[in-house]
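2 protein chains.
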Amino acid sequence: MTIAMTTSPEALTACCTPTGEPAMSEETASSLAAQFKAIADPNRLRMVSIISSSENAEACVCDITEPLNLGQSTVSHHLKILVDAGVLTREKRGVWAYYSLVPGALDSLAGALTGRS
Amino acid sequence: MTIAMTTSPEALTACCTPTGEPAMSEETASSLAAQFKAIADPNRLRMVSIISSSENAEACVCDITEPLNLGQSTVSHHLKILVDAGVLTREKRGVWAYYSLVPGALDSLAGALTGRS
Numbered sequence: 001m002t003i004a005m006t007t008s009p010e011a012l013t014a015c016c017t018p019t020g021e022p023a024m025s026e027e028t029a030s031s032l033a034a035q036f037k038a039i040a041d042p043n044r045l046r047m048v049s050i051i052s053s054s055e056n057a058e059a060c061v062c063d064i065t066e067p068l069n070l071g072q073s074t075v076s077h078h079l080k081i082l083v084d085a086g087v088l089t090r091e092k093r094g095v096w097a098y099y100s101l102v103p104g105a106l107d108s109l110a111g112a113l114t115g116r117s
Numbered sequence: 001m002t003i004a005m006t007t008s009p010e011a012l013t014a015c016c017t018p019t020g021e022p023a024m025s026e027e028t029a030s031s032l033a034a035q036f037k038a039i040a041d042p043n044r045l046r047m048v049s050i051i052s053s054s055e056n057a058e059a060c061v062c063d064i065t066e067p068l069n070l071g072q073s074t075v076s077h078h079l080k081i082l083v084d085a086g087v088l089t090r091e092k093r094g095v096w097a098y099y100s101l102v103p104g105a106l107d108s109l110a111g112a113l114t115g116r117s
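Residue numbers (my numbering), protein chains in the order written: chain Y, 1 to 117; chain H, 1 to 117.
Mixed in with the good hints there might be a few duds.
To be verified - Negatives, chain Y to chain H, calculated, CB over 12 Å:
(1) S25
(2) S30
(3) S73
(4) H77
(5) K80
(6) V83
(7) D84
(8) T89
(9) A105
What the hints assert, rightly or not - If you want the footprint, here are the derived chain H segments under chain Y, 3+ residues with CB under 8 Å:
(10) 25-31
(11) 45-58
(12) 70-81
It is worth saying that the hints were derived from the structure and are not from the lab. Positions of the beta carbon are idealized from the N, C-alpha and C atoms, including for glycine.
Using the sequences provided together with the hints, build the complete structure.
Here you go:
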């Protein structure tokens, strides 16, 4: 009786059968990674959470500064990263800048994770 | 007739009404940020994509090394980051290490983005 050993030559090559599925393209991966990098920060995640749970899904800097107990320049710095990454939009009204979610941006990132994009 | 100016004292305070919603906790934000940081890299996103589209949603290092055209030590380095972050599990079988998705890990990250977690 022959017992197949996991270290037989067959076993050594068996795992390398191509799946036939192309890997995610470099362009898609770079673009997604840039957006994930923007939200991969505790303060920025909390900012997005505050904005998405606010009325009309928008908030001004002061709505965000207070609950996070951060200085306004720190908050503005983080918000700029989220705007540059296409996660938030910024609209100046009077003396205040209001931030809101880019429609579909978070759903699109979520879809990339679950394969439902 | 009085015209309300956007720079009136009322306008200056109007945006700062608390939403009543607590911000995401620091602990939750830190833990999520660590996982997002792990996937916020083009190569690691492509690795996760290869594994999730493979048969049985598992792949060995060589399944990943070839399509990405990366050295095995680079691939192993990236895979370790994903394992440490709780995104992948690693199982040694014979001479090969197989990597698979931690059940629910990506869905849970996606849910954090869409508020459906």
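Hints versus structure:
1. A Cβ of chain H approaches the Cβ of S25 of chain Y within 12 Å, the least distance being about 8 Å, so the stated non-interface status is violated.
2. Chain H draws S30 of chain Y into its interface by the beta-carbon criterion, the shortest separation being 5 Å against a cut-off of 12 Å.
3. Distance check on S73 of chain Y: its Cβ is at least 17 Å (rounded) from any Cβ of chain H, clearing the 12 Å threshold; non-interface status holds.
4. With a closest Cβ-Cβ approach of about 16 Å to chain H, H77 of chain Y is found to remain outside the 12 Å limit, as its non-interface label requires.
5. Even its closest Cβ contact with chain H, about 18 Å, leaves K80 of chain Y beyond 12 Å, as expected for a residue assigned away from the interface.
6. Look at V83 of chain Y: its CB is around 17 Å from the nearest CB on chain H, clear of 12 Å, so calling it non-interface holds up.
7. Every C-beta of chain H lies more than 12 Å from that of D84 of chain Y, the closest at about 15 Å, which supports listing it as non-interface.
8. The beta carbon of T89 of chain Y is kept farther than 12 Å from every beta carbon of chain H, the shortest such distance being approximately 16 Å.
9. For A105 of chain Y, the requirement that its beta carbon stay farther than 12 Å from each beta carbon of chain H is not met, with the minimum near 9 Å.
10. Look at the stretch 25-31 of chain H against chain Y: 3 of its residues bring a Cβ nearer than 8 Å to a Cβ of that chain, three or more, so the hint holds.
11. As drawn, the stretch 45-58 of chain H meets chain Y at 8 residues by the rule of a beta-carbon pair under 8 Å; at three or more, the given contact holds.
12. Under a criterion of three residues with beta carbons nearer than 8 Å to beta carbons of chain Y, the stated coverage of the stretch 70-81 of chain H fails, only 0 such residues being counted.
The earlier numbered hints that this structure contradicts are 1, 2, 9, 12.
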